[in-house]
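Chains as they are written, first to last, in full-length UniProt numbering: chain A, 1 to 546; chain B, 1 to 546.
Hints were generated in silico from the structure; no laboratory data involved.
Treat the hints with caution; some may be incorrect.
Here are the simulated SDA-like cross-link-like pairs (lysine to any residue), alpha carbons at most 25 Å apart as the crow flies [what the hints assert, rightly or not]:
| id | chain 1 | residue 1 | chain 2 | residue 2 |
| --- | --- | --- | --- | --- |
| 1 | B | 170 | B | 120 |
| 2 | B | 258 | A | 357 |
| 3 | A | 281 | B | 285 |
| 4 | A | 286 | B | 309 |
| 5 | A | 258 | B | 77 |
| 6 | B | 286 | A | 270 |
| 7 | A | 286 | B | 268 |
| 8 | A | 363 | B | 309 |
| 9 | B | 368 | A | 501 |
| 10 | A | 490 | A | 501 |
| 11 | A | 356 | B | 253 |
Below, each chain spelled out in residue letters.
Number of protein chains: 2
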Amino acid sequence: MAEEQPAQIPPTQEPAAEGAEAKGPSKSELKKRAKEAEKAKKAAEKAAKQAELEAQKAAADVDFATEFYGKAPLNQSQSRTGRPRVQIASLNPNMDGETVLLRARVQTSRAQGNKMVFLNLRQRIDSVQALLTVTPEKVSKQMVKWTAGLQDESIVLVEGVVKKSPEIIKSATVGDVELHISQIHLVAGLESRLPFTVEDAARPETEIETNDEVQYKRVLLDTRLNNRIVDLRTQTNQAVFKLQHGISYFFREYLESKGFIEIHSPKLQGAATESGASVFKVGYFKGNAFLAQSPQLAKQMAIAADFERVYEIGPVFRAEDSNTHRHLTEFIGLDLEMVIEEHYHEVMELIDSLLKHVFKGLKEQYAKEIQAVNRQFPAEEFKWLDETLRLTFKQAVDILVEDGVDRSSLDDINTENEKRLGRLVKAKYDTDYFIVDKFPMELRPFYTMPDPEDPTVSNSYDFFMRGEEILSGAQRIHDPTLLAEKMRSKGVDPASMPAYLDAFKMGCPPHGGGGIGLERVLMLFLKLNNVRRASLFPRDPKRLEP
Amino acid sequence: MAEEQPAQIPPTQEPAAEGAEAKGPSKSELKKRAKEAEKAKKAAEKAAKQAELEAQKAAADVDFATEFYGKAPLNQSQSRTGRPRVQIASLNPNMDGETVLLRARVQTSRAQGNKMVFLNLRQRIDSVQALLTVTPEKVSKQMVKWTAGLQDESIVLVEGVVKKSPEIIKSATVGDVELHISQIHLVAGLESRLPFTVEDAARPETEIETNDEVQYKRVLLDTRLNNRIVDLRTQTNQAVFKLQHGISYFFREYLESKGFIEIHSPKLQGAATESGASVFKVGYFKGNAFLAQSPQLAKQMAIAADFERVYEIGPVFRAEDSNTHRHLTEFIGLDLEMVIEEHYHEVMELIDSLLKHVFKGLKEQYAKEIQAVNRQFPAEEFKWLDETLRLTFKQAVDILVEDGVDRSSLDDINTENEKRLGRLVKAKYDTDYFIVDKFPMELRPFYTMPDPEDPTVSNSYDFFMRGEEILSGAQRIHDPTLLAEKMRSKGVDPASMPAYLDAFKMGCPPHGGGGIGLERVLMLFLKLNNVRRASLFPRDPKRLEP
Chain A
1 MAEEQPAQIP
11 PTQEPAAEGA
21 EAKGPSKSEL
31 KKRAKEAEKA
41 KKAAEKAAKQ
51 AELEAQKAAA
61 DVDFATEFYG
71 KAPLNQSQSR
81 TGRPRVQIAS
91 LNPNMDGETV
101 LLRARVQTSR
111 AQGNKMVFLN
121 LRQRIDSVQA
131 LLTVTPEKVS
141 KQMVKWTAGL
151 QDESIVLVEG
161 VVKKSPEIIK
171 SATVGDVELH
181 ISQIHLVAGL
191 ESRLPFTVED
201 AARPETEIET
211 NDEVQYKRVL
221 LDTRLNNRIV
231 DLRTQTNQAV
241 FKLQHGISYF
251 FREYLESKGF
261 IEIHSPKLQG
271 AATESGASVF
281 KVGYFKGNAF
291 LAQSPQLAKQ
301 MAIAADFERV
311 YEIGPVFRAE
321 DSNTHRHLTE
331 FIGLDLEMVI
341 EEHYHEVMEL
351 IDSLLKHVFK
361 GLKEQYAKEI
371 QAVNRQFPAE
381 EFKWLDETLR
391 LTFKQAVDIL
401 VEDGVDRSSL
411 DDINTENEKR
421 LGRLVKAKYD
431 TDYFIVDKFP
441 MELRPFYTMP
451 DPEDPTVSNS
461 YDFFMRGEEI
471 LSGAQRIHDP
481 TLLAEKMRSK
491 GVDPASMPAY
501 LDAFKMGCPP
511 HGGGGIGLER
521 VLMLFLKLNN
531 VRRASLFPRD
541 PKRLEP
Chain B
1 MAEEQPAQIP
11 PTQEPAAEGA
21 EAKGPSKSEL
31 KKRAKEAEKA
41 KKAAEKAAKQ
51 AELEAQKAAA
61 DVDFATEFYG
71 KAPLNQSQSR
81 TGRPRVQIAS
91 LNPNMDGETV
101 LLRARVQTSR
111 AQGNKMVFLN
121 LRQRIDSVQA
131 LLTVTPEKVS
141 KQMVKWTAGL
151 QDESIVLVEG
161 VVKKSPEIIK
171 SATVGDVELH
181 ISQIHLVAGL
191 ESRLPFTVED
201 AARPETEIET
211 NDEVQYKRVL
221 LDTRLNNRIV
231 DLRTQTNQAV
241 FKLQHGISYF
251 FREYLESKGF
261 IEIHSPKLQG
271 AATESGASVF
281 KVGYFKGNAF
291 LAQSPQLAKQ
301 MAIAADFERV
311 YEIGPVFRAE
321 DSNTHRHLTE
331 FIGLDLEMVI
341 EEHYHEVMEL
351 IDSLLKHVFK
361 GLKEQYAKEI
371 QAVNRQFPAE
381 EFKWLDETLR
391 LTFKQAVDIL
401 VEDGVDRSSL
411 DDINTENEKR
421 LGRLVKAKYD
431 TDYFIVDKFP
441 MELRPFYTMP
451 DPEDPTVSNS
461 YDFFMRGEEI
471 LSGAQRIHDP
481 TLLAEKMRSK
491 GVDPASMPAY
501 LDAFKMGCPP
511 HGGGGIGLER
521 VLMLFLKLNN
531 VRRASLFPRD
541 PKRLEP
């Protein structure tokens with residue numbers, strides 16, 4: 001069966017045609033002959049194909065590589081060899097000749113003829129080029145074919161030899177080596193079509209706009225978020241969420257070095273507190289509860305309970321129907337509260353040092369991740385000053401007025417004017433980060449301590465990054481009489497918050513603090529332009545999935 | 001005015017009485033005289049009091065110490081001297097003679113006559129004895145009187161001289177020095193009566209039970225929780241929540257050293273997932289949302305999104321009407337999930353090492369806090385083995401049967417039998433900590449991977465401390481077909497969780513993990529006997545405040 005049978009080819013019509021020169025065949029005869037010729041050709045092709053298939057089948061019968069490739073059985077923890085697996089990031093030219101084992105995604109595959117296939121293998125933000133070539137007794141044609149047929153995003157377990165690559169491979173992050181595959185097994189395949197490729201999802205907007213020759217697919221934010229699992233696999237997003245972790249890490253590291261302890265305050269509350277922002281209502285057995293819009297009350301109560309310095313990293317909930325680039329209905333608050341010995345600037349300065357510790361940590365220890373994000377989201381490096389610029393609210397208003405903003409519109413500084421202020425400050429001081437202190441009392445919540453001299457001004461501050469607010473904070477009122485008075489003046493019934501007021505009646509030291517939006521810091525540090533990109537599974541008024 | 005005026009005393013009646021011996025006064029005369037005498041005595045007393053008052057008033061007029069004591073003005077950040085304040089914990093005999101400034105609570109005060117007052121000053125878990133004595137030109141009688149009148153739990157700013165104390169003062173944690181007060185100001189007083197004293201709240205149950213001479217006030221748990229702010233001030237609770245912080249700290253430290261990153265998954269979910277346990281329903285704009293009962297689905301999705309190793313510390317919500325010593329409706333989950341290379345024991349062993357890292361960290365770095373808690377909650381030291389005891393579910397059942405439990409009741413091991421197992425294991429192996437592996441499939445959720453040999457058994461485990469479960473975990477099903485099949489067999493409609501199933505259809509590596517209840521670990525490590533004591537502001541079906 002393995003021998004090739006020559007396809008039967010009908011004799012050519014030429015001699016007949018020659019003899020028929022004088023008379024010549026009729027038109028219908030010509031048509032008929034052409035038809036027959038066509039038929040014969042098709043039959044020949046079919047026979048050739050058949051022969052090829054049979055040849056392949058024959059070759060398949062002697063596939064010597066079956067053990068070296070294929071679908072692995074479902075891992076149910078059948079066995080444990082303990083054989084080490086390596087990280088792509090650790091591969092380097094010094095390993096030339098070493099055989100390694102690794103698990104990775106197939107980002108792309110490209111066959112060259114039927115004897116060779118190139119794979120781009122990916123682990124998180126790292127990738128390497130791998131190739132498989134038909135080799136007697138080692139790599140069969142079938143093995144190459146099977147590998148070439150692997151769907152993008154398949155997870156494979158690969159054994160191969162590290163080879164120093166003759167020239168840097170630009171399509172991989174580890175470009176100075178390639179992997180010559182000796183074994184490849186499918187650990188997990190796909191049971192569905194990809195909504196978009198990880199390559200498309202990782203392409204910078206600028207490349208899509210400036211490249212006229214190729215029509216790239218643009219993956220819209222909503223499509224990404226609907227298929228967040230695939231979107232999160234881009235090297236950009238792998239880096240974004242490592243950086244998110246970095247922010248919390250440095251936040252904790254700094255505060256713990258300053259004697260803070262972490263607390264966990266309840267998100268379920270008995271009353272809708274801190275009137276103003278809307279709260280979500282929860283069915284709670286036979287009654288109702290409300291989701292905390294911040295750990296504000298709890299952390300102040302912890303201060304009244306002698307905790308001295310506390311922080312919390314946890315979800316906060318806002319039932320505001322705001323559909324903007326910077327609002328989420330659920331986000332992570334980095335909150336802190338501490339006793340004041342003399343002056344609330346003790347808190348403000350501690351928060352300032354804390355944020356600079358975070359910026360410095362990211363810049364120094366996450367350079368690779370920042371670079372990875374920059375490839376898709378180009379941004380000027382985030383800048384701050386050794387001595388942070390501090391403006392009073394009044395000074396900030398003056399700067400805006402000087403730039404042409406109508407003073408009468410500046411009782412509060414709205415989002416647009418905040419950005420303008422950010423640009424003006426950047427131009428003048430070359431910083432993306434500054435503090436505005438001493439906000440008007442009427443812009444702040446009831447628990448804000450008034451200035452000792454001017455009762456219309458408060459001991460409160462906002463911190464800004466690239467012209468957007470990332471932190472609000474203040475000295476709080478620790479005196480129950482003044483607190484109740486301010487509650488009433490802001491339309492809050494003191495009787496509606498008995499446990500909170502009681503905390504101050506039991507004696508509470510002067511204190512202050514602030515709350516930072518984790519996703520906002522991440523968005524603004526990296527200039528991601530939409531806070532949803534800084535949230536693993538973002539929630540907004542229109543999104544509760546995935 | 002400063003000179004004392006002798007009180008006017010009426011002449012005694014004695015001479016008249018002598019002369020009247022023969023005749024003797026009439027009964028009515030005697031009565032009248034007695035009345036007059038009484039009247040005169042009262043007048044004398046009144047005059048004496050008046051004189052004393054005037055004397056005091058006179059003395060007050062020349063109080064030379066007014067600057068050294070009194071109520072401080074409300075701190076509104078009027079000024080900032082930057083003068084350092086010390087911690088009680090840092091005071092020691094080498095500082096003998098040094099003048100220090102510190103802010104503290106007055107735990108108790110005890111006047112000795114009108115010239116001396118002893119204060120027990122407290123900062124978190126530390127306390128020191130301070131005394132104030134009338135001293136010419138330095139401490140006035142008025143100053144002593146004012147200080148003696150300070151309500152317990154007042155916050156004071158004290159300047160004083162450290163003195164090596166002649167003998168150890170047992171009522172203070174820093175017993176080898178005392179503080180001789182030169183200035184004392186009230187930073188924050190109380191505007192309400194204390195519901196109970198911090199001393200009463202800190203008293204060990206054993207002391208209340210065994211002491212027949214003194215009738216101590218027992219502060220019940222509900223009273224404590226209703227007035228949690230005061231209850232949290234006990235040295236016990238200050239230590240408990242430092243230890244709570246310690247658990248998270250060591251949890252993170254270990255996982256970060258193993259390449260895990262922290263994620264934050266949304267607590268608001270579009271569907272009520274993981275059927276079985278009840279979920280809280282939330283009004284979400286015009287529709288509904290549900291509170292996550294665990295980050296289970298999100299962390300698995302993070303694995304499908306190539307995060308490799310993730311952890312989360314965050315609130316989880318259980319709408320179960322369980323009113324027991326170990327159930328809360330909101331608690332903190334320490335969750336982790338990781339890719340499995342070959343066998344789920346990779347995860348189980350990592351969790352085991354993680355927990356031992358936590359125990360070791362607490363024991364070595366929080367000895368002082370553990371001791372503080374033990375004073376109120378005496379407990380045998382928590383014990384674990386270098387090589388953790390692992391039982392299979394079957395072995396655990398056998399141990400119970402051998403001890404007399406009816407095998408037919410052991411399809412599941414209930415709370416009572418868990419405790420029994422804990423006691424039996426402790427007696428035999430001298431450990432408070434062990435693992436039970438290979439739970440029956442029917443006891444575990446749909447996403448649990450079945451054993452490769454025996455489909456009635458699963459690749460899952462529970463971890464125990466002092467006979468109570470603190471962690472559940474398993475290898476998860478990463479194959480979407482098998483997952484959908486198991487969902488249906490457990491009565492969950494795969495169509496109700498499309499985003500979750502999609503994650504696996506897009507290719508997901510084998511993985512496993514577990515979830516630890518923070519409060520349970522804390523409760524069991526310290527033997528607090530009620531999980532509410534391990535939660536800052538606990539939530540149960542009957543409690544949403546404070």
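Tested hints:
For the given pair, residue 170 of chain B sits about 11 Å from residue 120 of chain B by alpha-carbon distance, which is consistent with the 25 Å threshold. Between the alpha carbons of residue 258 of chain B and residue 357 of chain A the distance comes to roughly 24 Å, so the proposed pair stays at or under 25 Å and holds. Simply put, residue 281 of chain A and residue 285 of chain B have alpha-carbon atoms about 10 Å apart, close enough for the 25 Å limit, and the pair holds. Pair hint residue 286 of chain A plus residue 309 of chain B does not hold up; C-alpha atoms about 40 Å apart against a cutoff of 25 Å.
The straight-line distance between the Cα atoms of residue 258 of chain A and residue 77 of chain B is roughly 21 Å, inside the 25 Å bound, and the hint therefore holds. Proximity of residue 286 of chain B to residue 270 of chain A is assessed by CA-CA distance (about 22 Å); at most 25 Å being required, the pair is judged to hold. Of the pairs offered as hints, the one joining residue 286 of chain A and residue 268 of chain B holds, with about 21 Å between alpha carbons and a cut-off of 25 Å not exceeded. Proposed proximity of residue 363 of chain A and residue 309 of chain B is supported: the alpha carbons are some 23 Å apart, at most 25 Å.
For the hint linking residue 368 of chain B to residue 501 of chain A, the alpha-carbon distance of about 33 Å lies beyond 25 Å, and the restraint is violated. For a cut-off of 25 Å, the pair hint linking residue 490 of chain A to residue 501 of chain A stands: about 15 Å separates their Cα positions. Proposed proximity of residue 356 of chain A and residue 253 of chain B is supported: the alpha carbons are some 23 Å apart, at most 25 Å.
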